[in-house]
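Sequences listed follow chains A and B, in order. In our numbering, each residue carries its 1-based index in the first sequence increased by 2. In our numbering, each residue carries its 1-based index in the second sequence increased by 948.
Careful, some of the hints might be misleading.
[Stated by the list, open to error] Taking lysine-lysine pairs in the DSBU-like style, the calculated list, with each CA pair at most 35 Å apart, reads:
| id | chain 1 | residue 1 | chain 2 | residue 2 |
| --- | --- | --- | --- | --- |
| 1 | B | 1230 | A | 343 |
| 2 | B | 1000 | B | 978 |
| 3 | B | 985 | B | 1000 |
| 4 | B | 978 | B | 1030 |
| 5 | A | 246 | B | 1226 |
| 6 | A | 338 | B | 1230 |
| 7 | A | 217 | B | 1061 |
| 8 | A | 217 | B | 1230 |
| 9 | A | 338 | A | 351 |
| 10 | A | 368 | A | 338 |
| 11 | B | 1230 | A | 246 |
| 12 | A | 246 | B | 1061 |
| 13 | B | 1230 | A | 37 |
| 14 | B | 1162 | B | 1310 |
| 15 | B | 1230 | A | 82 |
| 16 | B | 1226 | B | 1283 |
| 17 | B | 1162 | B | 1226 |
| 18 | B | 1061 | B | 1104 |
| 19 | A | 86 | A | 368 |
| 20 | A | 86 | B | 1230 |
Calculated directly from the structure, the hints in this document are not laboratory data.
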Amino acid sequence: MSITTRAAIARAPHVGWEIADLQLDEPRAHEVRVKLMAAGLCHSDDHITTGDAPIRLPVVGGHEGAGIVESVGPSVQRVKPGDKIVCSYIPACGACRPCSTGHQNMCVKGLNAGTGMFEDGTWRFHLGDQDLGGFCTLGTFSQYAVVSEWATVPLREDFQDIPWETLCLVGCGVPTGWGSSVHAAGVQAGDTVVIFGAGGVGSNAVQGARFAGAKNVIVVDPVEFKREMATTVFGATHAFATAKEAHEFVVETTWGQLADHVIMTPGAVTEEMVSAAVMMTGKGGKVTITAVGHINERAVHFHGGALIGYHRQVRGALFGDSNPLYDIPMLLGLYKSGDLKLDELVTRKYTLDQVNQAYQDMNDGKNIRGVIIHEH
Amino acid sequence: MPVSITTRAAVCRVPGQPWEITELELDDPKANEVRIKFFAAGLCHSDDHIQKGDAPMRLPVVGGHEGAGVVDAVGDAVTRVKVGDHVTCSFIPACGQCRYCSTGRQNLCDAGKNAGTGMFPDGTFRFHQNGEDFGGLCVLGTFSQYAVVHEFSVIKIPDEIGFDVAALVACGVPTGWGSAVRAGGVRAGQTVVIYGAGGVGSNAVQGASLAGAKNVIVVDPVEFKRKMATTEFGATHAFATAEEAHQFVVETTWGELADVAIITVGILHDEVIANAIKVVGKSGQVTITAVGNGWVNENPGMLIGYQRRIQGSIYGGCSPLVDVPLLIGLYQAGKLKLDELITRRYALDEVNQGYQDMLDGKNIRGVIIHEH
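All chains should be modelled from the sequences, with the hints used to inform the complete structure.
So this is what it looks like as C-alpha cells:
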C-alpha cells in the first residue's frame, strides 16, 4: 500500500525548493522504506536548484539522511524493520568490480544518482501522475523514502544512542571530507596540507589531515566563523581568508618547498582556485578535487607543464575514496571515542518547511552544516 | 694550472635557427666535476623544443642531454667515478642528499634546478667561445665531443654495453618505461593506452608489457611506429587515431574503459589530454610525460565522478641511480629492447638532418656517433 509523505522537491532550476505531499510506493525486491528522522543540507542539493547539477526533474532533494527501517520488500538481507540506519549516498552492492576491489565509492549501482530511477526503470515517489526520483535515489528531504538496501548502512549496538542530526552527516559530508585527506590524498605524518573551504565537507578534511599527523593543516576560507571553527574546534593549525595569504605562508613555513597536498572542498570550485592550488603544491605534490564546480566552467584549466616539471598530480575524489560499509562505522567509532568531532558540525537545525531559509544561511556562510529534523 | 681543450659541438644561439656546428673552449673540471669524452648522443625531442623556441632557456646553449662515453679527467673530490670509467649521463642529477633524493624520488632532485641555464652551482660555465659563456642543456651538452659535467649527473655502466644504447638509458628509456611502471603504476591484467610510440613511448609500451598489462594499446599516426610497437616492443593493438582506440577500448573492456593512459607524443596538445581523460575509467590515471603547449581544460566533474587522476611525470618517476642500472640489467637479460630503438645513426654534422628525420616520423630514435 502506498503512503503519503511530505517532501521538499525541485521542479526547475532557480525556483527554490517546494514543499509537497507525495505518494510513496511500497518497497519492491531489495528495497526498504525508511522513516527519515534527520537530513543534512549538503551543498550538492543546492547545485540542483542553481542549475549546476543537471539532473532529471522534478526531484526530491536530500542525499544525507538517517532513520528507521519501516518496512522491507522481498529478499532484503542487510536490514530488517525497526533497524536504525544511515543512508549512503552511493550504494555499495558488494559484488561489482569497484566493490570487489576496495572501491565501494564507485559502485556501479550508483549509476542512477542523477535520475532517482530504480533498476527496473520505475520510480517510487509520485505526484498526481508524475514520477519523481529521489536525489542519489534517496530523497532524504522527505519524511519517508524507499531506497535500495545497498544504500543502507545498519548501526551497531553501541551506535544506537547517537543523535539523528549527527548520524545523518556520516552518509556524505563526513566521509567525503575525512576521506579526501586520509584516503584520496593519502596525507602522511609531517605533511603540509592546505584545505580550500572549511564547511560541512572541508571541516572533516581538516579533521582527517590532523588525525593523519600533518604538521601544518592550513585552511583557506573567506568566512571568519569557519576559519575560527577550523582552528579552535577541528584542528587546523593556520587559517587564511585568501589563497594568496596562504601561499605566502606556505612558502615561508616550508622554506620554499611548498605544500604536499591541497584539498579542494569549497562550495563550488573555480578555475582561479584550481590554478592557485596547483601552484601551491611542491615537487611530487597532489591536488585533490572533491567539490564540484559550475556546470559551464572548465575550472580544471592549467598548462600541462605545471604538472610535469614538479611531477604533480591532480585527482578527483568521490566520497573521499571511502568505502561506506567500512568507513561509516569506523568514523562513528572515532566519534564515540572522542577522536572525531561531529556534533560541532551542526550549526543550526531546521524544520522541513524552512529548507529554503536553511540554504540561504548556508550561502551566507552562517553554517558549517544545517540539518533538517523531520516531524512525524 | 688548468688547461682548456677544444671541442666540436652543435649549438643553438637563437630559436628557429638550425643547429650550428662550431668549436668551443672547454674548461677543465673543477671540484666534483668530470670531463667526459662522448661517443654517442641521443636525439631526444626535448632538444628540438629548444631549437624551435618551445622550451625557453638561456642561450646560447650546447644541445644534447642523452649521452654516453668515457671519463677523461676528474676534478678534486670526485668519488662516484674515475678516469677510464664508461658512463652514461642522467639528464637530472641525483645528489643523494636533498629532500627528494632522501625519500626515493631522485627524479625531483633539487640539484636539477639549472637544467635550463647549464650554469654550475658556483655560477660559472664550462663552455666558452670568444669570451661568451655557453651552458649545456641539462648542464650536460652531449652534442659535443667533450663536456664537463657534475659527478651527480654520471652513472657508471658496464664496459661491454654499447655507447649508442647506453646513451638512451638515462632519458628516453626510463622516461617511457617509468611512465608505465613507476609514474603509471601499471599492474598485471590492466588495459593501457599509450599516445605516441617514439623514443619515449616505445619504452612505455615495453614497461606496460613487462608489468603484465593485458591490453597495451598504441595510438600513433605513423604506420612505421605502429608496426614497431606491435612487432618489436609488445603492444597488443595499435591505431592511427584516438577515436579508433577509444572505440576498441570501450568494446574490449565492456565499457569499463582503460586503467591507465600515458601521453608520450612529440608535442603535448589540448586534444590528446582530453582524449586520454575520456579513455580512462573509474579510478583511472592519465600520466602526462610529453611537454608542449598543451592545457588541461575540464569541468571538475570529469575528475570527480569517475575519480580520475592526472599525474605529471618527469623522468617517468624513476630514480636514476637505481633504475638506470636496472634497465641495463633488463637489456642484458633480454627483457628490454634497446638496439631496436635506434633507427638511424648520424655524424655530429648531420644533426639537423637527424631532427628532420625525427619530425618526418622516420625514426624511433636517431643517435649521433661522435668522431674523435
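Hint by hint, here is what the structure shows:
no.	hint	result
1	1230/B <-> 343/A	holds, 31 Å
2	1000/B <-> 978/B	holds, 32 Å
3	985/B <-> 1000/B	holds, 28 Å
4	978/B <-> 1030/B	holds, 14 Å
5	246/A <-> 1226/B	holds, 33 Å
6	338/A <-> 1230/B	holds, 33 Å
7	217/A <-> 1061/B	holds, 27 Å
8	217/A <-> 1230/B	holds, 32 Å
9	338/A <-> 351/A	holds, 22 Å
10	368/A <-> 338/A	holds, 27 Å
11	1230/B <-> 246/A	holds, 34 Å
12	246/A <-> 1061/B	holds, 25 Å
13	1230/B <-> 37/A	holds, 33 Å
14	1162/B <-> 1310/B	holds, 29 Å
15	1230/B <-> 82/A	holds, 32 Å
16	1226/B <-> 1283/B	holds, 32 Å
17	1162/B <-> 1226/B	holds, 20 Å
18	1061/B <-> 1104/B	holds, 23 Å
19	86/A <-> 368/A	holds, 30 Å
20	86/A <-> 1230/B	holds, 32 Å
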